[in-house]
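J.: Model the full structure from these sequences, guided by the hints.
As given, the protein sequences belong to chains V and C, one line each in that order.
What the first sequence shows, in our numbering, is residues 1 to 261, in sequence order.
What the second sequence shows, in our numbering, is residues 1 to 429, in sequence order.
These aren't lab readings, by the way, just hints derived from the structure by calculation.
Heads up, some of the hints might be wrong.
[Stated by the list, open to error] Covered by chain C, according to a simulated footprint, are these stretches of chain V (three or more residues, beta-carbon under 8 Å): (1) 91-98; (2) 104-114; (3) 118-126.
[To be verified] Okay, the calculated bits of chain C under chain V, using three or more residues with CB under 8 Å as the criterion: (4) 226-237; (5) 295-306; (6) 310-324.
[Stated by the list, open to error] A few chain V residues that don't get close to chain C, going by computed Cβ distances all over 10 Å: (7) 11; (8) 18; (9) 82; (10) 176; (11) 253.
None of these values were measured; they are calculated from a predicted model.
Even glycine gets a Cβ: it sits at the ideal position worked out from N, Cα and C.
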Amino acid sequence: MPESPVLTLRGISKRFGAVQALKDFDLDVHPGEVVALVGDNGAGKSTAVKSIAGVNPPDEGVITWEGKPVTISRPHDAQNLGIATVYQDLALCDNLDVVANLFLGRELRRFGVLDEVRMDQRARELLETLSIRIPSVRIPVASLSGGQRQTVAIARSLIGSPKVVILDEPTAALGVEQTAEVLDLVERLREQGLGTILISHNMVDVMAVADRIAVMRLGRNNGFFDKRSTTTEEIISAITGASDSAVTRRQARKREQEEDR
Amino acid sequence: MRRDRGRGPSGADDAGQEPAPGAVPAVDTRLLVREEGVKGYVDEFRRKLRSGELGSLPVVLAVIIIWTVFGSLNSTFLSAQNLSDLSQQIVGTGMIAIGIVFVLLLGEIDLSVGSVSGLCAAIFAVLNVLNGMNEWLALLVAIAGGAAVGLIQGFFFAKVGVPAFVVTLAGNLAWNGLMLQVLGTSGTVNIPSESIVSKLYSTIYHSPAAAYVTAAVGVGLFLTASLLDAGRRRKARVPFRPIAEIVLRTVVIAALAFATAYILNQYQGLPLALLIFLIVLVLLDFVLRRTTYGRRIFAVGGNIEGARRAGISVPFVRMSVFSIAGTMAAVGGIFLAGQIQSASQTSGGGNLLMNVIAAAVIGGTSLFGGRGTVWSALLGALVIGSIQSGMNIMGVSNAVQFMITGSVLLAAVVVDSLSRRTQKAAGRA
Ligand SMILES: Nc1ncnc2c1ncn2[C@@H]1O[C@H](COP(=O)(O)OP(=O)(O)OP(=O)(O)O)[C@@H](O)[C@H]1O
Ligand SMILES: [Mg+2]
Chain V
1 MPESPVLTLR GISKRFGAVQ ALKDFDLDVH PGEVVALVGD NGAGKSTAVK
51 SIAGVNPPDE GVITWEGKPV TISRPHDAQN LGIATVYQDL ALCDNLDVVA
101 NLFLGRELRR FGVLDEVRMD QRARELLETL SIRIPSVRIP VASLSGGQRQ
151 TVAIARSLIG SPKVVILDEP TAALGVEQTA EVLDLVERLR EQGLGTILIS
201 HNMVDVMAVA DRIAVMRLGR NNGFFDKRST TTEEIISAIT GASDSAVTRR
251 QARKREQEED R
Chain C
1 MRRDRGRGPS GADDAGQEPA PGAVPAVDTR LLVREEGVKG YVDEFRRKLR
51 SGELGSLPVV LAVIIIWTVF GSLNSTFLSA QNLSDLSQQI VGTGMIAIGI
101 VFVLLLGEID LSVGSVSGLC AAIFAVLNVL NGMNEWLALL VAIAGGAAVG
151 LIQGFFFAKV GVPAFVVTLA GNLAWNGLML QVLGTSGTVN IPSESIVSKL
201 YSTIYHSPAA AYVTAAVGVG LFLTASLLDA GRRRKARVPF RPIAEIVLRT
251 VVIAALAFAT AYILNQYQGL PLALLIFLIV LVLLDFVLRR TTYGRRIFAV
301 GGNIEGARRA GISVPFVRMS VFSIAGTMAA VGGIFLAGQI QSASQTSGGG
351 NLLMNVIAAA VIGGTSLFGG RGTVWSALLG ALVIGSIQSG MNIMGVSNAV
401 QFMITGSVLL AAVVVDSLSR RTQKAAGRA
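T.: Now the structure itself:
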């Protein structure tokens, strides 16, 4: 990667009582890069994301943002830095229209009154730059398809002009077509120079859009793979820890990476 | 539904095609309407009917039917005098119903508003009439009391987590008890007719100009606001209401406003109570639809978790909304006390609670939260008031009145539930 990472995690650990959910977790996100975070259920993916998003601050470890160490102890801190998170349950308000949802909690105002015109305008611009196609920005979100709703949720995270977007299983509930819509959108985030962390259990999706794949297993890193030089089988064996060869390859790669640094 | 949407230049169904250069990518449904003229409006209307977005259509139909039936049964019903009286009588119920609309928008219910209205009327009567407190001050204390009561109930609901239904059911009894305590041995306190509370209800502006000017100001404000908005939208290059539609809407509103003014002038003129009610409606409608606070109420009513993650303080919204319900209950209680010129042990009792909840729901505000407008308080109170007035003229007994009002409420809830189901099927809920 020619550019320096916008976000780095080093040695992140998190305990929940007797459970060591994260142990010495490392991750880099570069601008214009899609990093897929994969691992079995309970591997610690959501915990890792929550430590970045400020929902569950880590016990140990260093988070660096644009080269400077930062502490993220509240969701607000993450937002202020420029980290936007789209949780799997979208948290859209069905009864409100697309514009109202996009600006919920940070409505534009004029003389203390909602500025519908400017919100309408900015919503259109945003949806246009993302090539999101919805029938109208003034219909209730309830009448959108699952994929359209997901794209609206992602668009909403972009209102604050973030630099890193975290998507926790954005395609889990979607059909083929709608998944494609969301993956298109992820690619557009990359084109616009945003760093993206994509959590997914779907290897096809991961191989389709990710530049790098970070595998987690039992709360630890279990290898980083470059999309161009890896196979689905290799990643799956790293996820399951089934194959010895995967572990050796992982160690080899890890060594390589350390030399790169 | 789907086919309708596909008609858009870049609707969902032609998602595979690239939008033409320069085309607006997200097309407003209203844009389609404008392009298709009258037929577009009819189509839009049909589509809304089919997808269960009935809005205030059922209640407008209900008013027309009720008025036709009672009007044909007894000519006094549609007389200027009866309709003028009706316009005053609905104010007490309507004010309380506004508070219920706010609570229903959260998807909650407030069962205490009847008792709270009685309590606040009693507070005023005892402070002013029995203890000689300045009447404005007493009025202020009574209304602030309503706000405080609502805030207390909101606290138990929002912060402690007791279901609103239970908190306000307990409140219903407790505030009724407090009212009896406040009234003490006096039982009934008569409010003199020169008292401000009586005057709020009984003042009528006899000059015909009063009603006509009010109508003209209302219509003028609506027209100006619509034109300014359309102008700004046009400048910002986002879809705007076509002039023809604005004119049409203004004409309909003007017709209603001036017809009402004409009827009121046929009798005694513009009642102050009605004027205050309309002003409160316009103000609170503005709060709900044009302010961040109103947007937050709708958001909490639509998706609590979504609202929370968007940084909205859900407990604040809940507590403030219950406080508004208490405030409006107090205001309504004051008007009801002015109507009968007394506060007594039966104030706020009887079928008042039923009537105000019925009014809000009949007016078209959904019991399921997130959908509704304050105008449903006016429309619903009009339906309830018309039924009662009509049946009183016909000499129908209370027993039958209760049964009929109950049935009307049930019908309204059925319409609400069915339209919600249709909306779900049409992907709009
Ligand atoms: N708030 C919590 N309290 C206690 N333990 C927790 C908490 N959150 C997560 N854990 C534990 O941490 C581990 C990692 O959980 P996490 O949610 O990060 O997994 P995940 O990789 O996101 O899994 P999935 O693919 O199922 O979403 C699990 O063993 C889980 O039980
Ligand atoms: Mg998870």
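J.: Identify every previously stated hint that the structure contradicts and give their numbers, smallest first.
T.: Checked against the structure, no hint fails, so every one of them is satisfied.
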